[in-house]
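Model the full structure from these sequences, guided by the hints.
Listed below are the residues making up each chain.
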Amino acid sequence: MAKTDFGPPDYRELIPPVIKENYGKWDYHAVPSPGVLKHVSDNGAVMHSVRVASPRLVSSEFILNISDIADKYCDGYLRFTTRNNVEFLVSDEKKLQPLIDELKDKGYMLGGIGNGISNVVHTQGWIHCKSAVTDASGLVKNMMDELYEYFTGEIKAPARLRLAVACCVNMCGACHCSDIAIVGIHRTVPTIDHELASRICEIPRTIASCPTGAIRPNPKLKSIEINADRCMMCGNCVAVCPALKIMDPVNDGVSIWVGGKLSNARTKPMFSRLAIPYIPNNPPRWPEVTAAVKNLVQVWAANAKQDERMGEWIERIGWERFFQLSGLEFTDKHLDDFTHATTTFRSTTQFKY
Amino acid sequence: MNDGKTPLLDELEKGKWPSFVTEMKKAAKKKPIAAALLDQVEASYKERIGHWKPGGIVGVRGYGGGVVGRYSDAPERFPAAKEFHTFRVNQPAGFFYTTKKLRELVEVWEKYGSGLYNMHGSTGDIILLGSNTKNVQPCFDALSEIGFDLGGSGGVMRTIGCCVGAARCEKACIDSMEITRDLTMHYQNEIHRPAFPYKFKIKVSACSNDCAAASARSDLAIIGTWRDTLKIDPKAVAEYVDGGFDIVERVVRKCPTEALDWDAGKKELKINASECVRCMHCINVMPKALHVGKNRGATLLIGGKAPVVRGAMIGWVLVPFIKMESPFTELKDVIGRLIDWWAEKGRHRERIGELIERVGLAKALKAVGLKPLPQMISAPRTNPYIFWNKEEVTDNG
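So the sequences go chain by chain: A and B.
Those letters in the first sequence? Residues 9 to 361, by our numbering.
Those letters in the second sequence? Residues 110 to 506, by our numbering.
It is possible that part of the hints are untrue.
Stated by the list, open to error - If you want a taste of the chain B side facing chain A, the calculated C-beta under 7 Å gives, among others:
1) W161
2) G164
3) G168
4) R326
5) G445
6) P483
Rather than coming from a laboratory, the hints here were simulated on the basis of the structure.
No residue lacks a Cβ here, since even glycine has one placed at the ideal position from N, Cα and C.
Here it is as structure tokens:
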């Protein structure tokens, strides 16, 4: 039997010597060119990191290719970032420019540092998830084909803008706290295969799984009923009972959320809020989604002050001004009716027109 | 059967951003299982619906999770993707690799799987996408040989993740990678064998910029901070200003508590230390001149999660400041008491934040043995419906 419970490879055996020697002693960093970080330690040691975009879903060939490059310029050391970028770790400054040249030659995209748009945190989508309403990788590819100049630094942005995509409301990405988030949503109530439900569903557990109390037993069929008026399409029951189906290729689609952040800089962390309740799935290019996101990025970039995140900008100008500037329609779908609802209603006579 | 043509996905090989379709095609050239995936995803693009079935349990000996069963809902159309299981492989802290280690991983996955990976999944694991059932155990055996263990799935402590921290960041207030490594080794049983009402995530960010998204994406967020005064290098400050940096607009006016003042005559940045809330904005924009303080530790936040099912949450302050020195005994003590309480009181699929929402923060604090502090709240209660303990009132018959 194979060894178990030995844990992941120890990072102490995977970090380059320059990090070992300067661990916890870094003094400051600079960004000498887009995609390049220069870290300087207390004792003057220097390490460069060169950041390139990755599609996150990668082949063996991709991993072997970046490994070849890291062998050539980085003594075999590299890392990934929390936003799915690849970083080449350069200890020998003489190798920095040749590395950058080779990366550019081979078509890698350098960037993703500082103010602008870094890589997109996203979920599996149709590639691998059982509950995917849309394809996360496809949406990311489309958005970044349009917005890559904010990654490479060719277009400057006032602050960081974090993009995230989740292929269903489970939101396995950081969607609820991203500057702009795309979330796959359902708009129709689950259907029930009563015969299957009577055989394989744990009825009480399915009933208990509903956060709005929309599910009641159907003793005649040894199954359940769903009160459509109370169902908010969260999908929790579908995860508990396999006899329930919620996928609806005609009505499923995506929603767009804005203004979330997690950094504590200046202002406290913020939730993302609904901007656009529904756009139909339109693969492979999702032109309506891409256009909507690009509009949001551009309106923010044109109006925000230096260092002002999307949510901070909206907080300063007010939501009514946000909807006006972005040209988005405000609808009944924007009114919260769940657990956070009353924290979102306004209790003042202060507003703008 | 599909004809192997993918006109819709082919569209996504155009454009500047690196293409996941190109990656899938590279794998598809070598592996029928990856070619079948390509066909199935093309069908999803055409039909606007996913083709993976819910559920299906597969696993490896000795573990209760770490491999997620995945089956095509149309095996007759995509036979080679009939079984397409996922390995969650616990990543090294900070996502650091040597090329030697990566090549070993590639060798195993080329032998037993699709040759497709997520570097990395949302929780942090290396995700190996697509193995048939027969290969699951041999693949794990081979991974084990090269020193890669599985991460968590199901009602377990999930794989722990962190930012790069002290390894390469001057803002690190705690050693996020060492904390992650230490906790991961300490909780191997909790990670590998489901015993909890639902998932329990821990993430570690070494400063309040929270690059690991800990406060939103983990039930227990460990976020580095400090207690004393941030460090100012007056010479470096002057250099920024002499270089044309607008210190009043970019720093002084952006300070959320008006704790900073710029004396233009003396070229001096002054801080009213007791008013500083350590938001890090000034440090972020003047990394050469300003540094985090010396008395460092962490803030613990509890309850962060995505919407399922009571709504999205950002973690709430549980411990405003805790020292973080190896072997992190005090931290492990807090985690142990939290988990014991939740495992006992939590309902099926109820995250710890939802349990706190249901029964109240006061009960959670009592269970963990923590004193309520004003740093834990944005404001005290507004309603008069207060729970009093028996011992707090006089017995009046």
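Earlier hints that do not hold, by number | 3, 5 and 6
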